Amino acid sequence: MTTPLELVCPAGTPAGLRTAVDAGAHSVYCGFRDETNARNFPGLNFDRAEMREAAAYAHAHDAKIAIALNTFMRAGATDLWKRGVDDAVAAGADALIMADVGLVDYARKAHPKQRLHLSVQAAAATPEAIAFYRDHFGIARVVLPRVLTVEEVSRLTAHAAPCETEVFVFGGLCVMAEGRCMLSSYATGKSPNMTGVCSPPSHVTYREDRDALVACVGGFTIERFERGEPAGYPTLCKGRFLADGAMSHLFEDPVSLNAVALLPRLAEIGVTAFKIEGRQRGRAYISSVVRAFRKAIDAMAAGKKFDIDELRGLTEGQRDTVGAYKKTWR
Amino acid sequence: MRGHLPPFFANAAGLLPLQPLEVMARHLMTNAMAARPSFAARLGEYCGRTFAVDPVDCPFVFVLMPQDGGTHLSVVREAEHFDARIAAPLVVLLGMVDGTYDGDALFFSRDLSIEGDTEAVLALRNAIENADLDLSTVLGFPQGIQGPVNRAARQVFMRVRRLLDAPEDSGPNGVANGVGLS
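Top to bottom, those sequences are chains A and B. Counting in the working numbering, the first sequence runs from 8 upward without gaps. Counting in the working numbering, the second sequence runs from 3 upward without gaps.
One or more hints might be untrue.
Which residues of chain A face chain B? A few of them, derived with a C-beta cut under 8 Å, are [what the hints assert, rightly or not]:
id, residue
1, ALA22
2, PRO49
3, PHE144
4, ALA147
5, THR156
6, PRO208
7, VAL211
8, TYR213
9, ARG214
10, PRO237
11, ALA238
12, GLY239
13, CYS244
14, GLY289
15, ARG290
Worth flagging that the hints you see were computed from the coordinates, not collected in a lab. The structure presented is a predicted model; accordingly, all values stated were derived computationally and were not measured. C-beta: ideal position from N, C-alpha, C; glycine also.
Take the sequences, apply the hints, and build the full model.
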């Protein structure tokens, strides 16, 4: 018997969680309002009481809730992360998503029966790394890095069993080895790895310059969008720079991942869960994307064909890509 | 420009005094804040910042200063002092409040622009998102009639947005369903 496919959806706020559940999410991931999760943005995330209510709402609607504690513990302040683990379990989390091996160890010892997932932030991209987490800590699912081809995902999924694999299928695209990228730290002193923010908004400024929009991070001008040109997040890896006499995107274009066309293949090779990125996005995004992907998954289960072509307006840079899954950019 | 009100509206509105609009806007804001008491808590340290909310197709600007216990609101012709400015056509701004639009998508498509304290803008956007506001709540209508009023309002707003060639609706109040089955 095959495991049913799971649609894993983002929620940055309690209202976002209700929207995701109502739109058909099988499970929702979210985090506390502190540096323990990799989306530590102002006005986002859940306090302890909100998290308990969110878990109750999800469970009442047959959905699961996964709580992300996926930054790396800071020496001298590890209690913040450990308390987060304890409170997440008490709130009724169906799974904890973690990256720090010390925190994984704590969670396993303190809560032996708790289901644990390995965050994409752990950058586990080899059979050996996944086996280590699976065999030593009973990790039930690994979220694979967004730098792998479909065939690499296939081979890793086979090696990971009985540990499940989860892959990103839609949303903002990070093609760095997550958990190891230092670009944001270099420019701002803050990173998703330690403080939960990449190119944090506290260091981002926009200004108009003769009809163009100029975006800066940490005082560095990284992008200039001409009038009418679609904009993107001013993350350093997506900036346009002058190198060797030519102005271009050095690392990646500001585009979003959209792997909907690959869903049948990903299901065929044994991937258990499809993840939508975007805890920082609004209810309109969550509702549209979750409904679309849930219909696609249901259509696949019913043996019907499907197509999705109406999500491009929600993508960064108004363009999408299958990213590393086909590695056409490398 | 997509989503802009016709110029005659701006010209006519420019002749009117601002005080009645300010009184009405304050009343609606008071209703919203009373219905969503956790708004200030979500805004956190960004309470007390001054936000200029600029409907670029109208001859006025809303200046907000959210605070724990109430939000100060004034309506001015031009905002001179603010920590952050959010600018878009009026129907687009209203669509962000009721969840029709995703703020990031509007920013990507250049239908919305921001300047000033980016972090404060993000905090305000997230607090508004979580407030999950609708027309009935803002108007202070009793719970019993909120459902029908909101459904009717969504239809009207959708037609107005189409009439003005505003960005396509999405989300819980929109029309997009994203998938064609065959």
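Hint check:
Annotation: interface hint on ALA22/A holds; nearest CB of chain B at approximately 4 Å, less than 8 Å. Against a cut-off of 8 Å between C-beta atoms, the interface hint on PRO49/A holds, since the closest Cβ of chain B lies about 4 Å away. With a least beta-carbon distance of about 33 Å to chain B, the hint placing PHE144/A at the interface is violated under the 8 Å criterion. At a threshold of 8 Å, the smallest CB-CB gap from ALA147/A to chain B is about 30 Å, leaving the interface hint violated.
The interface hint given for THR156/A is broken, as the beta carbon of that residue sits about 26 Å from the closest beta carbon of chain B, more than 8 Å. Residue-level restraint check for PRO208/A holds (minimum Cβ-Cβ distance to chain B is 4 Å; threshold 8 Å). At a threshold of 8 Å, the smallest CB-CB gap from VAL211/A to chain B is about 4 Å, leaving the interface hint in force. Interface hint at TYR213/A: satisfied, since its Cβ lies 6 Å from the closest Cβ of chain B, which is below the 8 Å cut-off.
Taken as an interface hint, ARG214/A checks out: its beta carbon lies about 7 Å from the nearest beta carbon of chain B, inside 8 Å. Against a cut-off of 8 Å between C-beta atoms, the interface hint on PRO237/A holds, since the closest Cβ of chain B lies about 5 Å away. Look at ALA238/A: its Cβ gets to within about 5 Å of chain B, closer than 8 Å, so that hint holds up. The closest approach between the C-beta of GLY239/A and any C-beta of chain B is roughly 7 Å, which is under the 8 Å cut-off, so the hint is satisfied.
Proximity of CYS244/A to chain B is violated relative to the hint, the smallest CB-CB distance being about 17 Å (cut-off 8 Å). Interface restraint check: GLY289/A against chain B, minimum CB-CB distance 4 Å, threshold 8 Å, status holds. The beta carbon of ARG290/A is positioned within 8 Å of a beta carbon in chain B (closest approach about 4 Å), and the interface hint is therefore held.
Of the numbered hints given earlier, the model fails hints 3, 4, 5 and 13; all others are met.
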